[in-house]
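Novice: Given the coordinates of chain V, work out where chain U with the ligand should sit on it, guided by the hints.
Protein chains in written order, with the working numbering: chain V, 45 to 460; chain U, 3 to 156.
Hints listed in this document are in silico derivations from the structure and should not be mistaken for laboratory results.
On a predicted model such as this, the values are computed, not experimentally measured, just so you know.
For each residue, glycine too, the CB sits at the ideal point set by N, CA and C.
Do not rely on the hints blindly, as some may be mistaken.
Claimed, not checked - In silico lysine to any residue, SDA-like type, Cα no more than 25 Å apart, as pairs:
| no. | chain 1 | residue 1 | chain 2 | residue 2 |
| --- | --- | --- | --- | --- |
| 1 | V | 394 | U | 143 |
| 2 | V | 454 | U | 143 |
| 3 | V | 53 | V | 98 |
| 4 | U | 143 | U | 22 |
| 5 | V | 394 | U | 9 |
Stated by the list, open to error - Just the calculated beta-carbon pair ranges, DEER-fashion:
| no. | chain 1 | residue 1 | chain 2 | residue 2 | range |
| --- | --- | --- | --- | --- | --- |
| 6 | V | 420 | U | 17 | 44 to 52 Å |
| 7 | V | 114 | U | 101 | 46 to 54 Å |
| 8 | V | 104 | U | 38 | 35 to 43 Å |
| 9 | U | 38 | V | 135 | 41 to 49 Å |
| 10 | U | 103 | V | 460 | 25 to 33 Å |
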Amino acid sequence: MFDVEVIRKDFPILSRQVHGVPLVYLDSANTSQKPQVVLDSLTDYYTRHNANVARAVHTLGSEATMLFEGARDKVARFINAPRRDEVIFTKNSSEALNLVAYTLSNATTTPGAERFRVGPGDNIVVTEMEHHSNIVPWQLLAQRTGAEFRYIPIDDEGRLVESLIDERVDERTKVLAFVHQSNALGTVNNVEGLVTRAKAVGALTVIDASQSAPHRPLDVQSLGADFVAFTGHKLYGPTGVGVLWGRYELLADLPPFLGGGEMIETVDMSGTTFAAPPHRFEAGTPMIAEAVGLGTAIDYLTAIGMDQVQTHEAQLTAYALDALAQVPALRVIGPSTPVDRGATISFTIKGIHPHDVSQLLDEQGIAVRAGHHCARPVCLRYGIPATTRASFGIYTTTSEIDTLVAGVIKVQEMFS
Amino acid sequence: MSVNMDSMYQQIILDHYKHPNHRGELADFDAEVHHVNPTCGDEVTLRIRVADGEIADLGWTGEGCSISQASTSVMSDLVVGSSVTDALQLQEKFLQLMQSQGHNDLAEDETEALEDAIAFEGVSKYPARVKCALLGWMAMKSAVASATGAGDKP
Ligand SMILES: Cc1ncc(COP(=O)(O)O)c(C=O)c1O
Numbered sequence: 045m046f047d048v049e050v051i052r053k054d055f056p057i058l059s060r061q062v063h064g065v066p067l068v069y070l071d072s073a074n075t076s077q078k079p080q081v082v083l084d085s086l087t088d089y090y091t092r093h094n095a096n097v098a099r100a101v102h103t104l105g106s107e108a109t110m111l112f113e114g115a116r117d118k119v120a121r122f123i124n125a126p127r128r129d130e131v132i133f134t135k136n137s138s139e140a141l142n143l144v145a146y147t148l149s150n151a152t153t154t155p156g157a158e159r160f161r162v163g164p165g166d167n168i169v170v171t172e173m174e175h176h177s178n179i180v181p182w183q184l185l186a187q188r189t190g191a192e193f194r195y196i197p198i199d200d201e202g203r204l205v206e207s208l209i210d211e212r213v214d215e216r217t218k219v220l221a222f223v224h225q226s227n228a229l230g231t232v233n234n235v236e237g238l239v240t241r242a243k244a245v246g247a248l249t250v251i252d253a254s255q256s257a258p259h260r261p262l263d264v265q266s267l268g269a270d271f272v273a274f275t276g277h278k279l280y281g282p283t284g285v286g287v288l289w290g291r292y293e294l295l296a297d298l299p300p301f302l303g304g305g306e307m308i309e310t311v312d313m314s315g316t317t318f319a320a321p322p323h324r325f326e327a328g329t330p331m332i333a334e335a336v337g338l339g340t341a342i343d344y345l346t347a348i349g350m351d352q353v354q355t356h357e358a359q360l361t362a363y364a365l366d367a368l369a370q371v372p373a374l375r376v377i378g379p380s381t382p383v384d385r386g387a388t389i390s391f392t393i394k395g396i397h398p399h400d401v402s403q404l405l406d407e408q409g410i411a412v413r414a415g416h417h418c419a420r421p422v423c424l425r426y427g428i429p430a431t432t433r434a435s436f437g438i439y440t441t442t443s444e445i446d447t448l449v450a451g452v453i454k455v456q457e458m459f460s
Numbered sequence: 003m004s005v006n007m008d009s010m011y012q013q014i015i016l017d018h019y020k021h022p023n024h025r026g027e028l029a030d031f032d033a034e035v036h037h038v039n040p041t042c043g044d045e046v047t048l049r050i051r052v053a054d055g056e057i058a059d060l061g062w063t064g065e066g067c068s069i070s071q072a073s074t075s076v077m078s079d080l081v082v083g084s085s086v087t088d089a090l091q092l093q094e095k096f097l098q099l100m101q102s103q104g105h106n107d108l109a110e111d112e113t114e115a116l117e118d119a120i121a122f123e124g125v126s127k128y129p130a131r132v133k134c135a136l137l138g139w140m141a142m143k144s145a146v147a148s149a150t151g152a153g154d155k156p
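Just chain V, same shape as in the assembly:
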């Protein structure tokens, strides 16, 4: 049985006060809070098992290696990956997406990687609702290779203009990269439609699942994409660890991203051969403790059940959309109905700047984010400088949403 009050007790930070009132944390899309078990696993790792991985033959070294590789197994099961060696640890989503973009341009000069080549006449497609992390690496790849950078626009409700997908994704498209759930709008994209089109034209697909992995069951096999990226700190895990999942047959043929220790097979002064995936893409000492912590977060979520998490958050979303619709002069930026949308709600209030709204909410103990949420094109699309964004997680309650609504009304009274 999903009981939010029981879950809240697992998160020590939720019982603190700010400005003399209880914290109402509505910024989980930015980063989630961490349950006690995750904090304990970090302490336990450093207190009892700390050593470098894959190099030390002593007891601590093998314990650390087993814990680190055990975390990889947990991630693989969590996303239903066909193989554990398809899971690459990165420092966050941004690095995971850059890893794909850089290995693709490295492929330009790698014998045997011809099928990955991107060049003049080719194009790379993203959507207008992407986080900068899924825009900039592709703009840079386009610059390095001479390919064209394109995007699929969004409509007034914050949904992709599906009628333009076939035009933007064409025979010369090499990569289609898109967000599963938008961090600025809450929109959940129709993965199947996008992947089907990309497959039909032979393009690689990259899904940014940063905002979906924490909120719904994620199954890379049913998503059908070639690469899926997400970040640990939004998934109730520590900062400093992220994941790139990729199809093995692609990873096996891709050249490295960064060079260094652990990513090699043999090195001599005339050249180097590279380790098999995933180690080929993990140069240097990895984020061992953080990966272990992420594994613990995944155990924690699995015990609750991701379908339970999804149901809880769907209820919160419907509740919040209804409640916010009652506030005069408040405009939701993004889908106004709970269909195909996640528990992240951006809004503007007539006559009051989002930075004032969020600062005044903070004075009432309510943590929300204000700004362009690293998705500036979304703000440009709607002609606004910024939005205020409330985002929910497993520990969010409907009474916190009531507090938010009351808080917003107070802010309006101050400015009236």
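Specialist: Chain U with the ligand only, in chain V's frame:
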């Protein structure tokens, strides 16, 4: 809602935001500047007229968060009619206040000289908002520089 005492949003700030002073375009001016604060997207366009070493008049237009708009209004009240030297000194003091991280270390007479601008002291605790409070003051400083530097009218 009554404003709590340690709120960044003192009543003076809200009042200036709702009823800004010296807002509007000057027809007769010596310099015009346009300043932007990328964090909040605040903007201010400021025109200034300088005569006999005094800020004879100042007018501004802009949009953005309440802190930036109210601060520009307060600044205008303080500097219009004062000597350029005094205005620039006041700007220095305000900058120092904003860099104080919530610990005003100005002398008592310096604090008094800032009049209503002292209401922004609380902003200095929020690094992300300091730029908002400084926007109008920085614009005034560069407008004065261009009005007095080149000396010729645009
Ligand atoms: C949709 C989306 N993509 C990518 C990122 C980047 O994540 P990170 O900063 O952990 O790399 C974020 C989070 O900020 C996000 O919301």
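Novice: Indicate, hint by hint, whether the structure satisfies it.
Specialist: Hint by hint, here is what the structure shows:
Taking the CA atoms of residue 394(V) and residue 143(U), the gap is about 32 Å. The hint is violated against a cut of 25 Å. Restraint check: the Cα-Cα separation between residue 454(V) and residue 143(U) comes to about 36 Å, which exceeds 25 Å; the hinted pair is violated. The suggested pairing of residue 53(V) with residue 98(V) is violated, with an alpha-carbon distance near 37 Å, which exceeds 25 Å. Distance check on the hinted pair: residue 143(U) and residue 22(U) sit about 19 Å apart at the alpha-carbon level, within 25 Å; holds.
Among the hinted pairs, residue 394(V) with residue 9(U) is consistent with the structure: their alpha-carbon atoms are about 22 Å apart, no more than 25 Å. About 33 Å separates the C-beta atoms of residue 420(V) and residue 17(U), a value inconsistent with the hinted range of 44 to 52 Å. A beta carbon spacing of about 49 Å between residue 114(V) and residue 101(U) agrees with the range 46 to 54 Å that was offered as a hint. Restraint check, residue 104(V) to residue 38(U): a C-beta distance of roughly 54 Å breaks the suggested window 35 to 43 Å.
As the Cβ distance of residue 38(U) to residue 135(V) is approximately 32 Å, the hint placing it in 41 to 49 Å is violated. At roughly 32 Å, the beta carbons of residue 103(U) and residue 460(V) sit within the given window of 25 to 33 Å.
Hints 1, 2, 3, 6, 8 and 9 from the list above are not met by this structure, while the remaining hints are.
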